[in-house]
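*Asks:* Listed here are the chains, written in short residue letters.
There are 4 protein chains.
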Amino acid sequence: MTRNRLEAFSDGVIAIIITIMVLELRPPAGSSWHELGALTPKFLAYVLSYIYLGIYWNNHHHLLHTVERIDGAIMWANLHLLFWLSVVPFTTAWMGTHPRAPEPAALYGFSLLMAAIAYTILVRAIIAEQLHFSGGRHSKLRDLIGGDVKGIVSIAIYVTGGALAFVTPWLAYALFAAVAVIWLVPDRRISRRLDDGKS
Amino acid sequence: MTRNRLEAFSDGVIAIIITIMVLELRPPAGSSWHELGALTPKFLAYVLSYIYLGIYWNNHHHLLHTVERIDGAIMWANLHLLFWLSVVPFTTAWMGTHPRAPEPAALYGFSLLMAAIAYTILVRAIIAEQLHFSGGRHSKLRDLIGGDVKGIVSIAIYVTGGALAFVTPWLAYALFAAVAVIWLVPDRRISRRLDDGKS
Amino acid sequence: MTRNRLEAFSDGVIAIIITIMVLELRPPAGSSWHELGALTPKFLAYVLSYIYLGIYWNNHHHLLHTVERIDGAIMWANLHLLFWLSVVPFTTAWMGTHPRAPEPAALYGFSLLMAAIAYTILVRAIIAEQLHFSGGRHSKLRDLIGGDVKGIVSIAIYVTGGALAFVTPWLAYALFAAVAVIWLVPDRRISRRLDDGKS
Amino acid sequence: MTRNRLEAFSDGVIAIIITIMVLELRPPAGSSWHELGALTPKFLAYVLSYIYLGIYWNNHHHLLHTVERIDGAIMWANLHLLFWLSVVPFTTAWMGTHPRAPEPAALYGFSLLMAAIAYTILVRAIIAEQLHFSGGRHSKLRDLIGGDVKGIVSIAIYVTGGALAFVTPWLAYALFAAVAVIWLVPDRRISRRLDDGKS
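Chains as they are written, first to last, in my numbering: chain W, 8 to 206; chain A, 8 to 206; chain S, 8 to 206; chain P, 8 to 206.
A portion of the hints provided could be inaccurate.
The list makes no distinction among identical chains, and a pair is therefore deemed to hold if it is satisfied within one copy or across any two copies.
Simulated crosslink set (SDA-like; lysine to any residue; CA at most 25 Å straight-line) [to be verified]: (1) Lys49 to Trp83; (2) Lys157 to Val74; (3) Lys147 to Thr175.
To be clear, the hints were calculated from the coordinates, so they are not data collected in a lab. Remember, predicted model here, so these are calculated numbers, not experimental data.
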């Protein structure tokens, strides 16, 4: 029951973040295609962040499926993750307004980085709880997630992208989009093995 | 359980979209009926989009009732549908602000079109999963939905409406309203046969 | 299950309405008590609408407890009610900005009136479904709600208040506050008899 | 079931409050670090309020776990608490915009104070219901919460902080942050004894 409430609360927050982000897309003052076209960078920034939040929602879902008990550390690690996700509409809006400037691209990468770190902390908190409960013998999630190559690669790319934004922001955008593609595939490690476990 | 979470998340997003849309209805600066009356096009645009979102919520509900397992394709097809629904407040606001201009009416039709296509993709993803799981023999949803005449007609009308907006936007509005009327009746095909299945 | 989803969706919409309403309370430009004090009418309007929405949430809760099956009429009657509730932040903001003008007070009364009528329609839709299902013999809700004196009185007061706003808006405010007080007590008719039914 | 709906509704409202608060963080007009840096006070105010709302969500969760029946008093005490929490984005935004002024800091403390009082009232309403139901013999929550030292200390600090804001707002900020630290630890009294009860 406690897990359900954590799940429901997280879903609620992610649903709101994903939806209010589009509030930044204010319709243009005029009614021409030309004026609408000026919103293209903002729209693309919105699309990218929407995909990222969809990925987080999806993986968060798989993650919590391995959890049986929630302790204080997991609860706060989860709120910490939601905090950085809640910052994404802000960094998205800044990046969308100044697509040619390096600073907003770097800040966007920073918000993704912090969310990725927060996700890693949440994974650790869950593993710690599972080990604690089983007297150090077993963690379902640790078995499933293995070395977490994808997580480490993502963090490296966010840092690289943020730095390369000062060469040209387009490099940063390419890298951020690449990470989204990497993650678009749901975490097969977890889902496959969960399926195996069932059969 | 997984289906419930998908349902709850979708409901959350639709509930937020339907509600934040009204935030575009900013009260007028003055306090006279005259100034309030200037908001009429915006209000009518809001009413139309509210009905559309209600229809999507309703049919989405019927749709998911036929689903037993969620795979990655269904999850992303669903997020894709929610994406285009989340764009509706934006296109509604633009159309409501410029009721006599063709471009906003055409864009509104475009957002409805994309939502309709996304809905069709979701239907396909569910059918594919059901066929896959049953070894290609059976899909509950495919049996229920049949040729999906209503869906195809809607898509045709959105395209027509978007094009006719450049003759006069009022034609587009009439067509968009007509689609809403067509769909206001919940998908009896599904609900009736589900009832049959129960009895 | 279907009832639960209707309940959850309605709760979501009401939770969002109740919360975004406060977004209209923009902090003043300066930092003095004087500037803050200028927001008093807006704050009081917010308090009143918050109470109204709390009442609707509460009674809606009691109402749906008597429902066992949801048909299309109930679903749309419910969406119709949520529509008028979603308009309340708009009318609240207009009234809060122009506390001395009659038009915003009258419009606020109109939005309450429409919500009350929508609530009555929802009650009728539920009773009709219950009678239909039982072959016209029995409706749990009709037995509980009786003559619905409170609902009829409220509608009469909204109309009166809206009209008296043109004498002075303060009369309207007094009447709208009076209705809130009448309803603050949850619908004891329903809750008491439900309790009786259990014992 | 009734408790679940109260829980779900409260979670929804808190999730929305926590998320819309960040909407106050509007991206700066320019794209420089300098302009971004000007938002630091607003960001820190947001962080503090986010933590507070996380604490309330967390403790609210523990609180409702002791509840078995919801009466009207509990429902309205809960809505009263949510009301003051919904005011927090407003006071946060004012404080974040004027970090050197005493009035916004004092008002922020006032909103925290009212939320704390509302929480205490909710605790009392739950205890009263439990005593009433057991014929005055037993209240699970009263046994768990004991003297509620932390609650009383918090209220005292909010009042002190609000007053000291007029010496310098930084004292107020230090005190408000201190209360957050005190509460960051979930209410071990309740959770521990609940655990004991299970074993």
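*Asks:* Of the hints stated earlier, which fail here?
*Replies:* 3
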